[in-house]
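Trainee: Could you put together the complete structure from these sequences and hints?
Going down the list, the protein sequences come from chains H and V. Those letters in the first sequence? Residues 39 to 365, per this note's numbering, in order. Those letters in the second sequence? Residues 28 to 597, per this note's numbering, in order.
No lab work stands behind these hints: they were computed from the structure. Beta carbons are placed, not taken as given, at the ideal position from N, Cα and C, and that holds for glycine. One or more hints might be untrue.
Unchecked claim - Quick list of in silico lysine-lysine cross-link-like pairs, DSSO-like style, CA-CA up to 30 Å: (1) V:K170 - V:K155; (2) V:K203 - H:K297; (3) H:K90 - V:K564; (4) V:K218 - H:K297; (5) V:K155 - V:K88; (6) V:K251 - V:K203.
To be verified - Covered stretches of chain V (in silico footprint by chain H; criterion: 3 or more residues with CB under 8 Å from a CB of chain H, positions within the stretch not fixed): (7) 176-189; (8) 416-425; (9) 434-448; (10) 454-466; (11) 529-543.
Claimed, not checked - Examples of chain H residues toward chain V, derived with CB under 10 Å: (12) F111; (13) R262; (14) T293.
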Amino acid sequence: MPLTRFDTPGNLRDAPPGSPFYDAWHRKIDGLIDNGNVGSGGVGEIYNPARKDVDVIAERSLVWMGFPRRVVFDHRDDRPEAFRVADLRTEEDREKQEEYLEWRAIRQDGKITKVTFTTETPEYWKLLFEEEPDTVVCLYRNLVGDPGVVKEDLVDSAGVYDKHNPWNTTRGIVHLNVISPLDNTLDAAVRLAVGSAGLRNPHSLDNYELQENTSQPPTSADPRVTMDGNTLVRRGLSVTLREPVGLYIAGWDDTGWTKPDGSPVGNYWCVVRGRSGAALRVEYEVPKEEGFVVGDIRIGGRPIEFGGQIAEHVTVMIGGIAGTPRP
Amino acid sequence: MAAKSTDTKNMAGEVVNILEHFPIAEQAPPSKVSFSATGAHFGEVVPDAEEEPVFDRAARKGIQGNIIPGFRKDYQYFLFYELGEISAAKRWLQWLAPLITSMDDALAFVRSYRALRDRLGSKDVPLKATWLNIAFSCGAIAKLVSPEDAEAFGDQSFRQGLAERSGFLGDPTAEKAEGNRQNWVVGGPGKEADVLVIVAADDPADLAAWVRKIRGKEDEHGLKLLFEQQGEALPGPLRGHEHFGFKDGVSQPGVRGRASAAPTDFITPRYLTDDRARLFAKPGQPLIWPGEFLLGERRQNPEDLYASADPAGNFPKWAARGSYLVCRRLRQDVRAFWGFAAQQAAALGVPPEKLASMLVGRWPSGAPILRVSAADNPVLGADEMANNHFLFDDDTRPSALRPMPGYPGDAHPQAGADVLGQVCPHFAHIRKVNPRDSTTDLGKTGDTLLRAILRRGIAFGPPVVGVKKPRPKLWKQERGLMFVSYQSSIEDQFEFLVRRWSNSALQPNVGGHDPVIGQHEAYGSRERFIDFPHGRKPARIAINAEWVIPTGGGYFFSPPIEAIAEVLGI
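Mentor: Below you can see the structure in the form of structure tokens.
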């Protein structure tokens, strides 16, 4: 099996063929994985598939809830308040949406008409801007639906791509931008996975002990990735991230969602980037011919008032691979 | 004669019908218990552990007994009532309140039973009792107390009721489908019960007498019986099994707490003596703070396996130490389940009993397939110190147990790590609804402790598994499970387990839907699937039949007993 050349998330081809962006992206992922505890040895390890080959025995998708678990438990006895809080946005970012899924709800007359979800990482857009700035401007115009986007909108005073630009904060959503308390970046996600081998603790023989012996944030994503990665390494396996490395929307469940007449909803999901099962950007919007909007839909009898009510039923994923070292 | 869908080949190559020759039904039931399980000894104090709450006499007298410790009687009866004139209903409650079985009553009986069983070395214990519990819908509370009190219950699902949440739970939305709420025998729109009365007895004659006694009060108090259902444990070797033939109710959480100020008077007996005694009552039974089941008690800390968290406060004051009750009447199509197992087993070259056991995660005896993957082991299945002792992701280590006279110890093979789900698949029912040590879509292992429910269900209808040459009339009779669970949040516990895990192909771990109880409906299709372990790329098997069909039920609240006479009945 040839060694891996890292492709873009979702095998996106935003840049033209032959663009130096693709080499740059490969180097980016190669560096992210190598900056962890690659080759930690011992009973198992995280490996860099660009530098080492293994006999793959299984693929494993690590999934988690898109709605922030921390917010659920901050409002354990008041779920409507949790939804309200998670939808609040400051001028700078979507601060509560820390599970590598961010969303933006559009409203008309107080009712939600469309919710856009993304798992795209700022690193991708920053690198793409560095290599293909005009392409990024064009993509922004399409994604936020405004031809008024110009290059100057997307950079800071030093001319560097700004992930907190207006079209990715107050005026739209293109990719993840949360920086506090946990970063929604590919770097952070890869560090979770790659660093999972470093959690190894001679006193942790199972996940109960691992939870007790390590400090895990109150999110779904972080312990999911680190503890699962560590479990595979404890089994003596060689573990890495599955190509194309990225954060994805694995699926959604709209069972029990009903139209205003009480009948089940149709499929109103639209994968804008990526593919079904490994989507990067998804929009939820009711076709005009249906005669109602997202805010008229009920989930289990409860009207949709916040984008977070949908996010609760969206599942996020990072792919993993486990194998055994080749002799 | 045409081959039946459940005909399979045995090891000798003979064609036999798996239902008529069900192995576990052909074995003699154990007449003796193999060890002294509890006696009057309830465990040891774990050093430096957070002190567990004391359920003093007043508390024990107030908590209904089916919540803790659970009725677990072989004969039970469910009466679903609609209330009529409210003052008459209140008089009925005044009459009924003194008859309601408390935690104090049931716990004393259970302890006496266990002590006697241990002395006799036999399960044939000459003790019997007849018990009664009651629960109310949100609508009934609004009528009996006030709309404001009903609205004060924080659980939004309870306030909405089961019928409104039916589609969310994956029930069929097609109007003609049997499982559609419109077709339920009770609990559908316009047929929602105000009150659920559960009667339980060791003796069927006692049960019948109590049911007559309660029913005799209906006219006088304006009660309309919407539906009644007798539940009964399966007979002989299948006692404690559900209708597909598998042992049920093996895994139950252990509720933390003490019955008195005595440091070791635990309401859930403790058996472990090693470091894991901090988390487990007996092997595989996690200890969980009582607020997960009783309103107003300290709850499980979401970030700490051992610590408690503040109680919930989103309920009327009088409801403290009550519990939400979920009842689902689930019809089981035994032929459809075993027909699927037989068909897929033939296609995959796996014995049908093994394939069916992989769907469940246990062999029919209750033995976990992670501990014995080749064939059933009824001795392991009957060993309550061993049949629930296994992890999914790591090798399971033996637990150190306190001495139990007559118990030889757990000498069965320990479970090996199965993080990739190759022995007990990720779709297996027991792995779906209780991922144990695995991480989940909600992150850390400890989050799973917040999803636990107290299951108090019982089978209904005549068994067909193990019946030789069953007559067509027998096949036509309904059979299934009266599912009953208690929890402090319907949304975060019962509904979470059903909606988020059983009904999902992705959660808690990718691998397919729960093939036993899972339901899924999307844009008119009800197809489910499982990813059967098959090397690096599992074999995807579609499931287009349904063998567990909802046919009724309701969301209720089981109040503290004193509130029945002093609040609801006033």
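Trainee: Look at each hint and say if it fits the structure.
Mentor: Do the hints match the structure? See the list:
1. V:K170 - V:K155: 36 Å, violated
2. V:K203 - H:K297: 20 Å, holds
3. H:K90 - V:K564: 22 Å, holds
4. V:K218 - H:K297: 23 Å, holds
5. V:K155 - V:K88: Holds: K155 (chain V) and K88 (chain V) sit about 20 Å apart, inside 30 Å.
6. V:K251 - V:K203: Distance of about 27 Å is within 30 Å: holds.
7. 176-189: It holds, with 4 qualifying residues against the three required.
8. 416-425: holds (count 5)
9. 434-448: holds (count 3)
10. 454-466: holds (count 3)
11. 529-543: Contact hint for the region 529-543 of chain V vs chain H: holds, 7 residues under 8 Å.
12. F111: Holds, about 5 Å.
13. R262: 5 Å, holds
14. T293: 5 Å, holds
This entry does not satisfy hint 1, going by the numbered hints stated previously; all others are met.
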